[in-house]
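Chains as they are written, first to last, in our numbering: chain A, 1 to 500; chain B, 501 to 661.
It is possible that some hints are incorrect.
Stated by the list, open to error - Covered by chain B, per the in silico footprint, the following chain A stretches (three or more residues, Cβ under 8 Å):
#1 44-53
#2 122-130
#3 198-211
#4 235-242
#5 328-334
#6 428-434
Please keep in mind that the hints were generated in silico from the structure rather than gathered at the bench. For glycine and all other residues, C-beta sits at the position ideal for the given N, C-alpha and C.
Now for the letters of each chain:
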Amino acid sequence: MILKPRLEDLKIIGFYLGKIILGLALTMVIPILIGLCFGETNPVLDFFISIEISILLGLLLVKICQTDKDLNWMQGMIVVSLSWVVAMILGAIPLYLSGHWKSFLDACFDAMSGFATTGLALVQDLDHLSYAHNLWRHLIMFLGGQGIVVIALSFFVRGFSGAFKMYVGEARDEKIMPNVINTSRFIWLVSIVYLILGTLALGITGALNGMKPFNALFHGACIFMAAFDTGGFSPQSQNILYYHSFAYEVITVILMVLGALNFKLHYHLWMGNRNELIKNIETRTLFVTIIATFSVVAVGLAQTGIYPAAITLFRKGFYQLISGHTGTGFQTIYAQQFGTDWNQLALVGVILAMALGGAVCSTTGAIKMLRIGIIFKAFKEDLKRIIMPEGAIVIEKFHHIREVFLGDKLVRSALIITLAYIILYVLGALIGMFYGYPFIGALFESTSAAANVGLSCGITNIAMPSVLKVTYILQMWAGRLEFMSVFTILGFLFASIKGK
Amino acid sequence: MKKKIKLTLIILFLVFSPQKAVFSQSLSSGELIRNAKEYDGKLIVYSGEVIGDVMLRSEFAWVNINDGENALGAWMSAALTKEIKFTGNYESRGDCLEIVGIFHRACLEHGGDMDIHAQSLRKIGNGRIVQEKLNFDKVSLSLILLGALFLIWILTLFKHK
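Starting from the given sequences, assemble the full structure and let the hints guide the process.
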């Protein structure tokens with residue numbers, strides 16, 4: 001028998017959702033400060049209005065749903081999935097008020113794209129956007145990359161066991177420290193240290209490349225947030241092509257790869273355990289899949305002959321490939337060039353890379369390396385069983401921080417999530433094809449949205465059908481949360497209607 | 501006037517040059533990107549607003565020019581950039597330029613970037629500082645919301661008492 005959710009459930013969900021909204025409202029102070037520094041009056045007002053709406057909503061929820069009860073698993077998952085939807089709506093308000101987005105749906109699209117660290121964008125006239133709004137676009141990538149709930153866990157929630165349930169709901173099931181709040185704080189520590197180093201590196205490179213010093217630093221901070229959090233937004237409409245700089249490309253590649261690594265791996269590297277990098281199943285799988293997918297891209301590009309020099313082919317092919325594989329979405333070519341200059345083989349290489357993604361407990365989306373590694377190990381185990389004598393005991397294990405025995409439960413879980421992602425990629429592609437886009441293009445864009453990548457072959461633009469915009473928003477949401485929270489909310493809705 | 505004559509002479513010379521075709525009419529960025537193969541290595545005319553920074557690289561510079569559809573990078577002599585007074589951003593509209601140069605679908609000199617190597621430049625519109633006007637609707641809305649927040653605060657105080 002399905003039980004109808006009680007009023008108590010709604011109160012608990014509302015209370016914690018309110019707390020997360022209040023946390024989100026506080027982050028809007030940053031663009032307000034930037035706007036005030038530059039005398040951007042109307043942008044400051046946009047954020048002032050948004051912060052007021054957010055505080056109003058957050059306070060109302062906290063006051064009406066006041067409770068001292070802890071979350072259970074179902075409630076934790078629902079709080080997480082709802083907080084991403086609410087964050088999208090509240091985050092879209094200042095964007096829409098700026099007048100640079102054609103409709104509120106477009107602003108919601110970019111807000112979800114930012115929070116989910118995707119990078120697909122529907123902004124218009126980006127080159128004239130204010131500093132405050134531009135910073136917000138990148139900041140939401142930083143916040144979303146760490147996890148909206150992680151923010152609340154780090155600063156606004158003090159030691160309750162429900163914290164772990166929300167943390168898991170946000171597709172982070174690994175504890176680095178003994179408790180989840182310290183884990184969240186460690187994630188912030190890593191990110192802030194890299195933020196300072198990355199911003200300086202990009203800022204200095206930008207200044208040496210002829211940018212005005214302040215602009216170089218501002219772009220450095222924005223590009224860092226988009227690269228390390230594998231987001232893909234950029235302050236200029238040309239994306240990374242704007243900088244015309246090999247050094248900039250090299251630094252962003254390093255940052256993208258760092259962002260695609262497991263935070264737990266970062267912890268071990270920080271502790272001086274460099275062997276972990278070599279032994280870890282995720283880094284090994286990432287290395288193999290990068291080589292495999294780049295080989296496909298390189299053969300494809302060589303066939304087209306667009307880049308006759310090997311170094312040029314490598315620079316263009318490898319950059320888009322790494323950008324896709326790490327789930328970032330930075331481009332050094334125009335979106336339309338994927339369709340006009342790249343052939344289908346090269347596109348398939350990029351689609352495969354996008355579909356695979358980076359490490360678990362990182363800021364990337366998609367299937368992820370741990371699952372690919374586990375599935376590969378399971379195949380290897382089955383092959384061994386066939387080859388070896390019937391009585392032989394076959395045991396397969398892998399190294400992921402520690403030695404782990406490959407159990408059926410692990411393989412099943414990896415296969416289910418992989419299958420869910422493949423279905424999500426195909427569903428989006430089918431809807432794209434329904435609206436008349438060619439198969440490869442539709443699959444490319446759908447995979448990019450669902451895997452939270454952000455590379456575009458030109459389908460994502462303000463003229464695309466609203467249904468497709470909503471489809472991509474849902475894909476970005478489901479892909480970022482890795483389904484469980486989304487399935488829970490669907491179950492909750494079903495129980496609300498059909499339950500007794 | 502002198503510059504206009506110079507530009508006309510260059511265009512005329514290249515129109516009748518046997519090696520390279522010239523597209524004397526200004527082409528849009530969309531047209532160039534979509535049909536990059538056709539225009540690759542050809543002399544073209546492109547116009548639009550200068551956006552972002554003029555990035556000087558020793559004797560040359562990168563200038564990104566947006567025609568409203570996309571922005572394309574133009575590689576030119578640093579001397580040519582002296583005419584540029586305003587670049588487009590939130591605070592200002594950039595100067596509008598018309599450049600004549602060789603279009604590259606995947607420039608070998610610049611790591612495969614799609615760019616234009618400008619040979620000449622003409623300012624066709626002056627940029628300006630954009631005066632920001634205060635939006636009173638936004639001011640009203642923010643005051644109403646502030647009032648609502650204040651009301652909730654008062655109600656909370658009463659509830660505590």
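Here's how the hints hold up against the structure:
no., hint, result
1, 44-53, "holds (count 6)"
2, 122-130, "holds (count 4)"
3, 198-211, "holds (count 3)"
4, 235-242, "holds (count 5)"
5, 328-334, "holds (count 3)"
6, 428-434, "violated (count 0)"
When the structure is compared with the earlier hints, a violation turns up for hint 6 alone.
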